[in-house]
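Chain residues, written in single-letter form:
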Amino acid sequence: MIPEIGHFALVVALFMALVQTVMPVVGAYRGIPELMAMGRPAARAQFLFVAVSFAMLTLAFIENDFTVAYVVQNSNSALPIEYRISAVWGAHEGSLLLWVLMLAAWGLAITIFSQSLPEHFLARVMGVMGFISVGFILFILMTSNPFDRLIPGATDGRDLNPLLQDPGLIIHPPMLYMGYVGFSVAFSFAVAALLGGRLDATWARWSRPWTTVAWLFLTIGIVLGSWWAYYELGWGGWWFWDPVENASLMPWLAGTALIHSLAVTEKRGAFKSWTVLLAILAFSLSLLGTFLVRSGVLVSVHAFASDPERGVFILAFLVVVIGASLGLYAWRAPNVYGGGRFRLFSREMLLLANNVLLMAALAAVLMGTMAPIVLDALGLGKISVGPPYFDAVFVPVMLPLVILMGIGPLVSWRSGDMRPVFKKLRVVFIAGLVVGAVLPLVTMGRTTLMVAAASMIAVWAIFSSVQYLRDRLIRRPGNRGLSAGVYGMVIAHAGVGVFVIGATLSSAFSVERDVHVRVGDTVRINDFAFHLEEVKPVRGPNYHSDMARVTVTRDGEQVAVLTPEKRTYFVQTMPMTEASIDATLFRDLYVALAEQRGEDGWALRVYHKPFQAWIWSGPLLMALGGILAASDRRYRTSAKRIVQTRRRSAVGPVVREAKV
Amino acid sequence: MKPRQKRMMLAGMALAGVVVAAVLAINALQGNMAYFFSPSQVVAGAVESGETFRLGGMVRRGTLEKSSASLESRFIVTDNAQQVVVSYSGILPDLFKEGQGTVARGKLGKDGVFYAEEVLAKHDESYMPPEVADAMQPMPYNGTRPQVSAQSVTAEKRNIKVPRSEPVVSLPQVDIE
Numbered sequence: 002m003i004p005e006i007g008h009f010a011l012v013v014a015l016f017m018a019l020v021q022t023v024m025p026v027v028g029a030y031r032g033i034p035e036l037m038a039m040g041r042p043a044a045r046a047q048f049l050f051v052a053v054s055f056a057m058l059t060l061a062f063i064e065n066d067f068t069v070a071y072v073v074q075n076s077n078s079a080l081p082i083e084y085r086i087s088a089v090w091g092a093h094e095g096s097l098l099l100w101v102l103m104l105a106a107w108g109l110a111i112t113i114f115s116q117s118l119p120e121h122f123l124a125r126v127m128g129v130m131g132f133i134s135v136g137f138i139l140f141i142l143m144t145s146n147p148f149d150r151l152i153p154g155a156t157d158g159r160d161l162n163p164l165l166q167d168p169g170l171i172i173h174p175p176m177l178y179m180g181y182v183g184f185s186v187a188f189s190f191a192v193a194a195l196l197g198g199r200l201d202a203t204w205a206r207w208s209r210p211w212t213t214v215a216w217l218f219l220t221i222g223i224v225l226g227s228w229w230a231y232y233e234l235g236w237g238g239w240w241f242w243d244p245v246e247n248a249s250l251m252p253w254l255a256g257t258a259l260i261h262s263l264a265v266t267e268k269r270g271a272f273k274s275w276t277v278l279l280a281i282l283a284f285s286l287s288l289l290g291t292f293l294v295r296s297g298v299l300v301s302v303h304a305f306a307s308d309p310e311r312g313v314f315i316l317a318f319l320v321v322v323i324g325a326s327l328g329l330y331a332w333r334a335p336n337v338y339g340g341g342r343f344r345l346f347s348r349e350m351l352l353l354a355n356n357v358l359l360m361a362a363l364a365a366v367l368m369g370t371m372a373p374i375v376l377d378a379l380g381l382g383k384i385s386v387g388p389p390y391f392d393a394v395f396v397p398v399m400l401p402l403v404i405l406m407g408i409g410p411l412v413s414w415r416s417g418d419m420r421p422v423f424k425k426l427r428v429v430f431i432a433g434l435v436v437g438a439v440l441p442l443v444t445m446g447r448t449t450l451m452v453a454a455a456s457m458i459a460v461w462a463i464f465s466s467v468q469y470l471r472d473r474l475i476r477r478p479g480n481r482g483l484s485a486g487v488y489g490m491v492i493a494h495a496g497v498g499v500f501v502i503g504a505t506l507s508s509a510f511s512v513e514r515d516v517h518v519r520v521g522d523t524v525r526i527n528d529f530a531f532h533l534e535e536v537k538p539v540r541g542p543n544y545h546s547d548m549a550r551v552t553v554t555r556d557g558e559q560v561a562v563l564t565p566e567k568r569t570y571f572v573q574t575m576p577m578t579e580a581s582i583d584a585t586l587f588r589d590l591y592v593a594l595a596e597q598r599g600e601d602g603w604a605l606r607v608y609h610k611p612f613q614a615w616i617w618s619g620p621l622l623m624a625l626g627g628i629l630a631a632s633d634r635r636y637r638t639s640a641k642r643i644v645q646t647r648r649r650s651a652v653g654p655v656v657r658e659a660k661v
Numbered sequence: 060m061k062p063r064q065k066r067m068m069l070a071g072m073a074l075a076g077v078v079v080a081a082v083l084a085i086n087a088l089q090g091n092m093a094y095f096f097s098p099s100q101v102v103a104g105a106v107e108s109g110e111t112f113r114l115g116g117m118v119r120r121g122t123l124e125k126s127s128a129s130l131e132s133r134f135i136v137t138d139n140a141q142q143v144v145v146s147y148s149g150i151l152p153d154l155f156k157e158g159q160g161t162v163a164r165g166k167l168g169k170d171g172v173f174y175a176e177e178v179l180a181k182h183d184e185s186y187m188p189p190e191v192a193d194a195m196q197p198m199p200y201n202g203t204r205p206q207v208s209a210q211s212v213t214a215e216k217r218n219i220k221v222p223r224s225e226p227v228v229s230l231p232q233v234d235i236e
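Residue numbers (my numbering), protein chains in the order written: chain A, 2 to 661; chain B, 60 to 236.
To be clear, the hints were calculated from the coordinates, so they are not data collected in a lab.
Errors might be hidden in some of the hints.
[Unchecked claim] The calculated lysine-lysine pairs, modelled on DSS-like cross-linking and capped at a C-alpha distance of 25 angstroms, are:
(1) K268/A <-> K156/B
(2) K156/B <-> K537/A
(3) K537/A <-> K125/B
[Said to hold, decoys possible] To spell it out: a stretch of chain A is covered by chain B in this simulated footprint if at least three of its residues, at any positions, have a beta carbon under 8 angstroms from a beta carbon of chain B; those stretches are:
(4) 349 to 362
(5) 367 to 374
(6) 570 to 584
[Said to hold, decoys possible] Which chain B residues stay away from chain A? Per the calculated CB distances, all over 10 angstroms, these:
(7) A87
(8) A103
(9) S129
(10) N139
(11) G158
Just so you know, these numbers come straight off a predicted model, no measurement behind them.
Note that CB positions come from ideal geometry on N, CA and C, so glycine has one too.
Full structure from sequences and hints, please.
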């Protein structure tokens, strides 16, 4: 009964989404308040029914209902409860249902937090969100129903893919999807503004917090995925330029550009049509990512068995969404007035450079990701594009961006004066050069030209952010505190610097050794001695494993005891490497047990990775910055002000141009 | 600056960015593309020695040999028509198995052995890289072709394992020292 309730609730949700799509938009077009007002309750009802549907699927997993095909494929009675729950999004059908749940949740959030939006605008936003929901619920119902019964039922399930039985994978997909789907809000706002023909600073102000929240979820999602690949795949890499990773990086790059472009549109009224285009682009890339991952066209290390027929549906939906929104853009955008003027040296210009560089990086990643697919489709051969390509195109574009990032915040809008800016940054610049050059020498004892350059740029990014904060604190009017947005930006920018330091030093100075050892042998890396004490069998709930004990000593003193495992799961009988990592701020010691070779011989991966923790800390700082920026009071006060103005005069929202 | 000049400059900057990115990217792309070849293509001489490429097919059963004193391993990759001996020094991925699809990146030696620098991993037992699936030749007919019943087809579609008779392939033996 439970799967049927879930299935039925999803069908009801589809109708709610249809109502949400049609009624408010028709209402806004015809000026019928009753129809416009239907968007909000429809969106709430849609969320309720999708949530019921999702809860039913989860219940089927918890209760081990092996008459449901999807449960049979992805769960097992011996699977621990937390993995039975996360198994809900362990494969295609369930992860799409999660996608739809997230989408409905974003819709619900709009109905709660955007009380201040004008009715016409809200109606259109609801309509666009509803349309996206319709597409994805139809997709689930038509091609990937997770509630399909298996008749006769199975006695037990095939178990969750052992790679996914990991705490990181419980939260990675929901975070990533929150980000992906979150860009639908910015997209809906943009399309609603185009439909209404009004693109102004208020529109940008409404979009900003939503975009930032979506972006920060995506950031966290990508970091979790990278972290998972690092310790769970057992090869110690953290980014492989794999198509599936690129599929999440591309919307992130577009989203980052969008955040900055929105700032210009809100503060200065410039870049309006470009900002709208970016909002469309960010969500289109999210859809493209979903298509790439779910269609099976990709050759990827992250690819799971998938069904190409489903790809056709997403591709068609992709064409409709992108085609329609770009068509609307072409029709409406020329009417949008250009906005404020600015000089060559101004914050606008630096933010423009930010956007140009991010777009260049995005284009390069897109090209490398799509080239194999396009060439194959044209019959020009099957190729793959290796990580050296991405390193070669991505890094040279991103490093100038980080340099400019240090200058941008200190430059005034419209027309900046170079001299005071450079005066403020002179000391920081020199300090950045010195500290950046010395950092690898002090911590690693050696350096190269490239490492020194990247390290200088990274330190500069951190120092200049701090300098900007100091400058703002000195110059603040009266004794008022700075807004959360300022702190958010400073922390996020410093996070970029932290990340660049981690990525540079870890890539340049990691020592990775794959060795053949016998029990009792010692492997030496830098100052560390890894001693393989023993390998003994251990039994887990749904697997048995060989667990090694490796003691690590430095100058005769014990530093860590690592216990890497080689697991074999009972049901899927696939071996799994569980790496063991001792992480400190400045280095990770990483040991993975690969396989038995010979009597008491073992293949072992032994890594020393300096500054690895910085690679995760940097993006987490960026996300923290995002949280602060999105929580800035002015988004709330401005909302209140709009409500008040609207109550006083029926003219519509009037928002004072903010001068910050 | 006048609005028109500004627009021109914006367009110019954007264009310059696109051109620089395109030149950089195309350059790098050409240097880092690796073509995919099946064993049949390799045996037919489609690849020059010294060129890095990817070889894909099935790991032939009973051909995987691992050294017990080092990380050396050797195995045969076949597309059911031709086969290539692969030598790899390193740790094989968890899901690397005889009788399953694999993709390896490396170079063909003068001795006709493919020296792999990397053997690609996959995440899922039932995942077959699309290019490997394309490369596989139809099984040569030898009278014992496994009959696939309708029931097992649906089961396969659902990714449920059903016992199946091993495909029998008769191929010339290759000596691995």
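Okay, the hints, checked on the actual structure:
For the suggested pair K268/A and K156/B, the alpha carbons sit about 59 angstroms apart, so the restraint of at most 25 angstroms is broken. Our distance criterion of 25 angstroms between C-alpha atoms is met by K156/B and K537/A, whose separation comes to about 24 angstroms. Straight-line distance between C-alpha atoms of K537/A and K125/B comes to about 22 angstroms, which keeps the hinted pair within the 25 angstroms bound. A count of 7 residues in the stretch 349 to 362 of chain A with a Cβ less than 8 angstroms from any Cβ of chain B is obtained; the coverage claim is therefore met, three being the minimum.
A stretch counts as covered by a chain when three or more of its residues have a beta carbon under 8 angstroms from one of that chain; for the stretch 367 to 374 of chain A and chain B the count is 3, and the coverage holds. Counting residues of the stretch 570 to 584 of chain A whose CB lies closer than 8 angstroms to any CB of chain B gives 5, so the stated coverage by that chain holds, three being the minimum. The Cβ of A87/B does not lie farther than 10 angstroms from every Cβ of chain A; its closest approach is about 4 angstroms, which violates its non-interface assignment. The beta carbon of A103/B is kept farther than 10 angstroms from every beta carbon of chain A, the shortest such distance being approximately 15 angstroms.
With a minimum CB-CB distance of about 5 angstroms to chain A, S129/B fails to clear the 10 angstroms threshold, and the non-interface call is violated. Residue-level check passed: N139/B sits 18 angstroms from the nearest beta carbon of chain A, beyond 10 angstroms. Its beta-carbon lying about 13 angstroms from the closest one in chain A, G158/B satisfies the requirement of being farther than 10 angstroms from that chain.
Checked against the numbered hints above, the structure breaks hints 1, 7, 9 and satisfies the rest.
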